[in-house]
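> Here our numbering is used: the first residue of the sequence shown is 1, the next is one more, and so on.
Check each hint, because a few of them may be wrong.
[Said to hold, decoys possible] Cut-off 16 Å, straight-line C-alpha distance, at most; resulting in silico cross-link-like pairs (EDC-like, lysine to aspartate or glutamate):
1. 203 <-> 213
2. 204 <-> 165
3. 203 <-> 93
4. 205 <-> 142
5. 204 <-> 93
6. 205 <-> 150
7. 203 <-> 229
[To be verified] For each label pair, taking beta carbons as the anchor points, the in silico distance ranges come out as:
8. 177 <-> 89: 15 to 23 Å
9. 155 <-> 222: 12 to 20 Å
10. 188 <-> 158: 33 to 41 Å
11. 128 <-> 194: 19 to 27 Å
12. 113 <-> 205: 21 to 29 Å
13. 162 <-> 128: 15 to 23 Å
14. 220 <-> 120: 30 to 38 Å
Keep in mind the hints are simulated off the structure, nothing from the lab.
The beta-carbon is built from N, C-alpha and C at its ideal position, and this holds for glycine as well.
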Amino acid sequence: MTDTVHERYNQPRLRARTFLRRSRGDLPGQKGTRNGMEDQERTAGIHGDERAGAQAVLPAVLGLLLALIVSFGAHGGYEHFRFYAHGYLRQQETANVEATIKLFSSSVAGFYATGYTVGLKQFPADNMVKRRIFQDIRNWEESGKFFVMDRDRIAVRNVEFLAPDMAVALVDETWFSVFQNRSTRRPISEKQANILTVRYYLKKKWGRWIIFEYEVFPQGKPLPPVPVDMVLKWE
Numbered sequence: 001m002t003d004t005v006h007e008r009y010n011q012p013r014l015r016a017r018t019f020l021r022r023s024r025g026d027l028p029g030q031k032g033t034r035n036g037m038e039d040q041e042r043t044a045g046i047h048g049d050e051r052a053g054a055q056a057v058l059p060a061v062l063g064l065l066l067a068l069i070v071s072f073g074a075h076g077g078y079e080h081f082r083f084y085a086h087g088y089l090r091q092q093e094t095a096n097v098e099a100t101i102k103l104f105s106s107s108v109a110g111f112y113a114t115g116y117t118v119g120l121k122q123f124p125a126d127n128m129v130k131r132r133i134f135q136d137i138r139n140w141e142e143s144g145k146f147f148v149m150d151r152d153r154i155a156v157r158n159v160e161f162l163a164p165d166m167a168v169a170l171v172d173e174t175w176f177s178v179f180q181n182r183s184t185r186r187p188i189s190e191k192q193a194n195i196l197t198v199r200y201y202l203k204k205k206w207g208r209w210i211i212f213e214y215e216v217f218p219q220g221k222p223l224p225p226v227p228v229d230m231v232l233k234w235e
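Hey, can you work out the whole structure from these sequences and the hints?
Below, the structure is given as structure tokens:
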């Protein structure tokens, strides 16, 4: 009896206090109240700022991604990746580089021995290298001599690819050379053995390897480092 009266007495007061708290937004998680609405507005504002920030950054990110894709393709990024990822491609190009060097040396020997330009079209050399070689042949011609070279041995020590279309090859070569009288073709000097190490610089152009420069060193001596300028001028 007492509990019932007490409940009836307290229920309206509880309901009143609850109503007041609800109206003030004091109830936790209450929606539609002043503080609850402020919380929602504050939360919405935070998320809105995040969305606005993301929308502002998104075009920049997409632009950067597009620039990277274009740069990757324009500078042969895929070809670089493919070349260095697959060993068989490097082996194939190494064989092509070695064949180019052998053709180069045999062609040079023929040019010096005959003074003719037969096979010049297939000669795998840059125009500057060709001019330098034929200028030297012409100098011997004017002096009434042939400088005859016979290649005895050629051994490719290593081929290093600076890029899929750029290579530096180190080759040990042995040549026998003799001077001949241009009119009679008789030797006018003793046959001499030339044991050399040649560093070839190659670039792939028009679908084939071309020798752009070469350096000749006495075999067995330390080699200087690859000149940076010589590599940069190919690009």
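> If a hint holds in the structure, say so; if it does not, say that too.
Okay, the hints, checked on the actual structure:
| no. | hint | result |
| --- | --- | --- |
| 1 | 203 <-> 213 | 10 Å, holds |
| 2 | 204 <-> 165 | 5 Å, holds |
| 3 | 203 <-> 93 | 11 Å, holds |
| 4 | 205 <-> 142 | 34 Å, violated |
| 5 | 204 <-> 93 | 10 Å, holds |
| 6 | 205 <-> 150 | 29 Å, violated |
| 7 | 203 <-> 229 | 15 Å, holds |
| 8 | 177 <-> 89: 15 to 23 Å | 38 Å, violated |
| 9 | 155 <-> 222: 12 to 20 Å | 19 Å, holds |
| 10 | 188 <-> 158: 33 to 41 Å | 38 Å, holds |
| 11 | 128 <-> 194: 19 to 27 Å | 23 Å, holds |
| 12 | 113 <-> 205: 21 to 29 Å | 28 Å, holds |
| 13 | 162 <-> 128: 15 to 23 Å | 19 Å, holds |
| 14 | 220 <-> 120: 30 to 38 Å | 34 Å, holds |
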